[in-house]
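**Q** These protein sequences, in sequence, are chains A and B.
For reference, each letter of the first sequence is one residue, going 0 to 362 in numbering that gives the first Met the number 0.
For reference, each letter of the second sequence is one residue, going 0 to 532 in numbering that gives the first Met the number 0.
Just so you know, not all the hints are guaranteed correct.
Per label pair, the in silico range of CB-to-CB distance [said to hold, decoys possible]:
| no. | chain 1 | residue 1 | chain 2 | residue 2 | range |
| --- | --- | --- | --- | --- | --- |
| 1 | A | 349 | B | 66 | 41 to 49 Å |
| 2 | A | 147 | B | 112 | 44 to 52 Å |
| 3 | B | 336 | A | 47 | 24 to 32 Å |
| 4 | B | 69 | A | 148 | 40 to 48 Å |
| 5 | A | 224 | B | 486 | 55 to 63 Å |
| 6 | B | 14 | A | 211 | 39 to 47 Å |
Simulated from the structure, these hints should not be mistaken for laboratory data.
Computed from a prediction, not measured in an experiment: that's the story for all the values here.
Positions of the beta carbon are idealized from the N, C-alpha and C atoms, including for glycine.
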Amino acid sequence: MATLAPDRGTGAAEKPLHRVARRAVTGAALPALLASFLVGALVLLSAGTNPLTGYQALFRGVLLDTNLPYLAAAFAPILGMAVSFAIPLRMGEFNLGGDGQLVLGGITAAAVAMAIPAWGLAGFALAAVAGAAAAGAWAALSVPLARFGRVPIIISTLLLGFPAVSFASYLARYPLTDKGTGIPQTPRLPDAMHLPALPASAYVNVGLLVAVLLFAAYWVVDARTGTGLELRTLGANLRFGEYVGIDVSRRTTGALAASGAIAGLTGALIVAGPPYRFIDGALVAPGYTFTGVTVALIASGRPAGLLAGALLFTALQVGGTGMERDVGIPRQLTAIIQASVVITFVLIVAVQAYRARTKAGAR
Amino acid sequence: MTDIRVRLAGITKRFGPVVANDDVDLELRAGEVHAVVGENGAGKSTLMSVLYGSVQPDSGRILARGTEVGFDSPRAAIAAGIGMVHQHFQLFESLSVTDNVIYGAEPTRRGLLDRRRARERVAALVEEYGSPLSPTAIVETLPMGLRQQVEILKALYRGADVLILDEPTAVLTPAETALLFASIRRLAERGTAVALVTHKLDEVMQVSDRVTVLRQGAVVASPATASTTPAALAHAMTGRDIEAATNDEPGPVGPAVLEVTDLRADPVRVDRLEVRAGEIVGIAGVAGNGQSELVRAVVGLRPASGTVRIAGVDVTRGDVRRRRAAGLAYVPEDRGAVGSARSLSIAENLAVGHLRRGWLNPAKVRAFAADLMRKHDVRGAGPEATVASLSGGNAQKVVLARELEHRAPLLVAENPTQGVDIGAIEYIHRELLAYRAAGHGVLLVSNELSELIALADRVHVMVDGRFVASVDRADLSEQRLGEAMTNATAPDAAVTTALVPPDQGASIAADGSADTTQDPAITEGRPDGDARA
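Kindly produce the complete structure, drawing on both the sequences and the hints.
**A** Shown next as structure tokens:
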């Protein structure tokens, strides 16, 4: 997996725009995408459906006016989780505990909001910051575990996710539960704490803006700061980074804390959107975390790819729902396409790496 | 002695746009040692790979004993009597000499490995060539010189009468090198055709009969060794006159910039090491004697006991970052794995050493890189290109540029010219001397004695992690350093003797064709002589 992390730039000087275009064509993402739609077509054929009909329905599902708000609403958490995973990925570390951090952020925000119900939107901002802080601290816990316990970060983040989800579930069932409903959920947030909707639709709220801002901040830090350069350097060659004097443990802690905090903030923003409460399982079930992981992996954490990938995968999910409704093709088809994208992408990257190795060996 | 064993005719090989070999002719004759020299990327390795069947040429012919052959694999080349000793030995370290020699060509009986015959044949081979090797010895217990003999025996076991040696002296002590050359001469006298790939011109002059010079993939000269000079060869390799940089006058020496006391970091046991401002202190030794551990302990990449002070600051507990802040710059041996991030751009590689704080302005990063690249003559690409796209010499200049730009009181340079071409070597040597002249201290660790003799004010000879001798500039010579290395390992070194075919074994020294002038210990290399006597 580590081969996915480094920036795979090659060759001589070119104009940045040309480079982006060349990467898109010769890189692995686009071919992988085409291949996965072919796989999807084969699946449709074998199920006795005309692939054209299926894909038409899929695209209609995406572009249908009534679906656009869902698209926009799902886009924010997917983009947020993609950014969350991308930050440590840039330096070659994997934070697989996104689910736990997402949920921890959500439940912490709900708990804090319940404690200060009269504070309104400012109160919820405070609650969201608390959620981000809790999730960030939880993610950063992996660094001492790696340093003193020799547990790889990819493992500890993943494992720390489970107690976090269970703990949130316990809170939603007992201490913080909305008594009388019998459902494991926290009470509905006071109206003043609901994220204001954007003019477009009730489902599209300020959360989308926050996610886009977070993404922009990631882009700026990555491309325009010494910190971004340090992270990319560590990702490209850890030993070089250490040699050149980068404080590796500080950067690792920072990257994981930021990663966790963004996941936590994403969770908090979901809670402040409809239905305005923390419901056990509701943050994990849509699979935002691993959709984000997939997007970030395919983009190798590169900002431009992150944005495009988040859009595409959101569209597939929303379009899948439309396709199911319109022509009765189960939306699992889109899961198949997503999985094929990942598999073919990894295959192409592996083959390219193998070719590069044999070519280098011949010299 | 003019029968041609192998002839390469009009070999051309392209890798993408790069022409690695351009219409190359090469004749290997029985009884002749043929040196193949050229800078990095001149096409030596490709040519040898073509000869050994591991690379297929785009055009050209290979003739073995006059008949055209096509080597589609090393197996075919071996069958035609070609053997190759790679720079990095291809041995199973945990297996015995016998197992290594027979591997891939095992004698069998009824489909099963015939261990007894294998032992007998290898023992016979060892005896025939007067090698001191024990067939049952485990390879990992052997010194480098003997491991190389195992490689040569491997080739001979397969009936090689054409032997390719790729940079064979890189891992040898001077004494071992002399023994190897004696072996090479003996094999040649017995009729073996030897191709010696090297970049060390003094070795070419010492041991070869003919030399082929490659430049940018093409043969530019192929004189008899006796009729050429090192300067002429260097000129042919680079296309220009190379004036070696040397440390001519001692400069004013200032305060200590590096003080190491009682350093222990297995296998390093260094009681005292001091580098003062305005001097270059060399560490000599054969690779693998603790030099890299010493360097890593000094720069803070490896834990060690003892104290380290850089520019007067006690950094014993500091990591690389703290030591750099105290006044350290470091050119590591492995520029690909440690000294650079190959997949990042040149600009990023330079910026990460200097522009890490706060905001990065891409235009400024580029300008900074362009400036340094101009100053250090990094050619072949712009600041946006990856380091991986550069040649070895230019990649090393990027590393050097970044480290020199720190203008740190102490520069630690570890084999800074390894694997770079002659032009770049000369350049790097000048830069190191200029750095010293500017009042900085340099700790220069090198496997190349000539480099230390040219540059260092003082050289410590390192064997088995210890300084066994310290030699001042006035007394520096290859012989003096070589003796120090050999004497320190005397009990072991004596075991290593030359491979000598039986019919020629009487005496090496009497024959005079081999270089045996350096050390009396070398003349012990006789099949009949008990080396320990």
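**Q** Just pull the numbers of the violated hints for me, sorted ascending.
**A** 3 and 4
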